[in-house]
Amino acid sequence: MSFKERFGMSPLALISVVFGVFMAILDNTVVNVAIPKMMSVFAATQNEIEWVITGYLLVTGMLTPVSGYLGDRFGQKRIYLIALGIFTAGSALCGLSWSTESIITFRVIQAIGGAMLMPVSMTILFSMSKPERRGTIMGIWGIALMFAPALGPTLSGYFVEYLNWRLIFYINVPIGILSFFMVTASIPKMPARSTERLDIAGFLTSLVGFFCVLYALSEAPADGWGSITILSFLTAGIILLTFFVAIELTAKNPMLDLRLLKRKVFLVSIITSSLLSVSMLGALFILPVFLQNSLGFTPLETGLLTLPGAIVTGVLMPISGSLFDRIGARPLGILGLAIMLVGSLLLMGIDLNWTFGTILLVYMFRQAGMGLSMMPLSTAGMNDVPRELVSRATALQNTMRNVAGSIGTAYLSTVMQSQSSTNLITYLQRLSVHNLSQINLTGIPSVFGVTNSTQLTSLVGELQQIAFEHGTQTAFAVAAIISVLGFISVLFIGKKKPPLDMGQRGGRSAAIME
-7 MSFKERFGMS PLALISVVFG VFMAILDNTV VNVAIPKMMS VFAATQNEIE WVITGYLLVT
53 GMLTPVSGYL GDRFGQKRIY LIALGIFTAG SALCGLSWST ESIITFRVIQ AIGGAMLMPV
113 SMTILFSMSK PERRGTIMGI WGIALMFAPA LGPTLSGYFV EYLNWRLIFY INVPIGILSF
173 FMVTASIPKM PARSTERLDI AGFLTSLVGF FCVLYALSEA PADGWGSITI LSFLTAGIIL
233 LTFFVAIELT AKNPMLDLRL LKRKVFLVSI ITSSLLSVSM LGALFILPVF LQNSLGFTPL
293 ETGLLTLPGA IVTGVLMPIS GSLFDRIGAR PLGILGLAIM LVGSLLLMGI DLNWTFGTIL
353 LVYMFRQAGM GLSMMPLSTA GMNDVPRELV SRATALQNTM RNVAGSIGTA YLSTVMQSQS
413 STNLITYLQR LSVHNLSQIN LTGIPSVFGV TNSTQLTSLV GELQQIAFEH GTQTAFAVAA
473 IISVLGFISV LFIGKKKPPL DMGQRGGRSA AIME
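Counting along the sequence shown from 1, when you hit position 37 you're at 29 in my numbering, and nothing is skipped either side.
Warning: the hint list may mix true and false statements.
[To be verified] In silico SDA-like pairs for lysine to any residue, Cα to Cα no more than 20 angstroms straight-line:
id, residue 1, residue 2
1, K181, I74
2, K69, L4
3, K(-4), E93
4, K256, M392
5, K29, E93
6, K69, E188
7, K244, K181
8, K256, K69
9, K256, I326
10, K29, E40
11, K29, T97
[Unchecked claim] With beta-carbon atoms standing in for the labels, derived distance ranges:
id, residue 1, residue 2, range
12, I231, P3, 54 to 62 angstroms
13, T414, L170, 25 to 33 angstroms
14, R(-2), G349, 39 to 47 angstroms
15, I311, G77, 32 to 40 angstroms
FYI, nobody ran anything at the bench for these hints, they're computed from the structure. Just so you know, even glycine gets a beta-carbon here, dropped at the ideal spot from N, CA and C.
Work out the full structure: start from the sequences and follow the hints.
Put into structure tokens, the structure is as follows:
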């Protein structure tokens, strides 16, 4: 039996779609390492250059909800190719950028394409694959989802340190062009399935609402949650999204079909996957910051440490997908969440004495849990959705994941910073003239008689490191609590059920493909 007969699509079709998604996700992480270099090249301030990242995230979050409608209205393959073309062109322009304003503008262009690639690619693969092999196919797709974020810092660190920072954008061009022709040749025609008009009211309220919420979340760690600006944007976003929910629940043809959340397995899948995203993306933010700020790792060393964890995840993704096809999502989710919980508990003990090898092993162990659970849980939810609503379901799933990831990163960042500051203030308050002689810290001799500024500066520096260490431990404690919530939610996913479209021959529908 050939690959196509077994899985419902050719190997080239699968690889071509995964290529495009891998490129888009990789680009989310390669830019972070190059930010200091961009500041130097463009003579930009920290606040100005941060919009290279913030602008991309905002546009991605704003446009993901409409991806389901566009795919249904104009055809999934056509939208995927358009998105791929826009993303590739945006990458080339970013490499050619000459100023802060130009690179921010070109990153927005990139994001317009990137926002569509992930949800539309899921719809294409889900529609083409045989229902009984869907777990394996989505597991292979998940390699891009998990491997790209960890490869990004390593690749970017190498380019920035040894070659040219512009290569982080130029590398997308040949990959994008190759993927474009591969998709054109290997994916069958996927005609439009709907002639409905766009839900304008829903589109506008979601566009502005998600912008306000995501902007507030991205800026809150720096400005503080009590900032007037943050509170204003957050309040406006919540009000607009409340209107959006009301519109979508009453509209005849909603842009984002929230009524899908009435399906138990799909709802539990989204909740659990969102909690996993919070835990995963939060750790991807916390760990590199601690490694570089406290342990003195270079960006390249940080990337090399997280890379093996990504490889473990990538290897386990298709394996867990294949197991899902046999035993369902529940046992894999329980095992994966349990491993993630143990990994998070271990990371709660991270300190300045941890070695490279210790951190590497703990991180690899934790990522193994992610590799076992993420795609089976997502696929179980999609299997609970009627085939004609798959594109809307992928849009909803990715929207929720984006928002959850933003919330998780912002909240864990805030926890880490606030706890570090609180601990430092507490330590400094104990440094009075009367008790200096009583203080003995690991690695620091008795400070009795400390009177000169050099000794005091050294002492305060040590206290800052210890305070940051404790702040990081607290953030990982929150990540552990999130893993507990995910573990509890996966218990409600139920036993394995056949996909709703199991009876359709070849896993396809005439309404989707010709």
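Hint check results:
no., hint, in the structure
1, K181 <-> I74, "holds (14 angstroms)"
2, K69 <-> L4, "holds (15 angstroms)"
3, K(-4) <-> E93, "violated (47 angstroms)"
4, K256 <-> M392, "holds (16 angstroms)"
5, K29 <-> E93, "holds (16 angstroms)"
6, K69 <-> E188, "holds (18 angstroms)"
7, K244 <-> K181, "violated (28 angstroms)"
8, K256 <-> K69, "violated (30 angstroms)"
9, K256 <-> I326, "holds (18 angstroms)"
10, K29 <-> E40, "holds (13 angstroms)"
11, K29 <-> T97, "holds (18 angstroms)"
12, I231 <-> P3: 54 to 62 angstroms, "violated (48 angstroms)"
13, T414 <-> L170: 25 to 33 angstroms, "violated (51 angstroms)"
14, R(-2) <-> G349: 39 to 47 angstroms, "holds (41 angstroms)"
15, I311 <-> G77: 32 to 40 angstroms, "holds (34 angstroms)"
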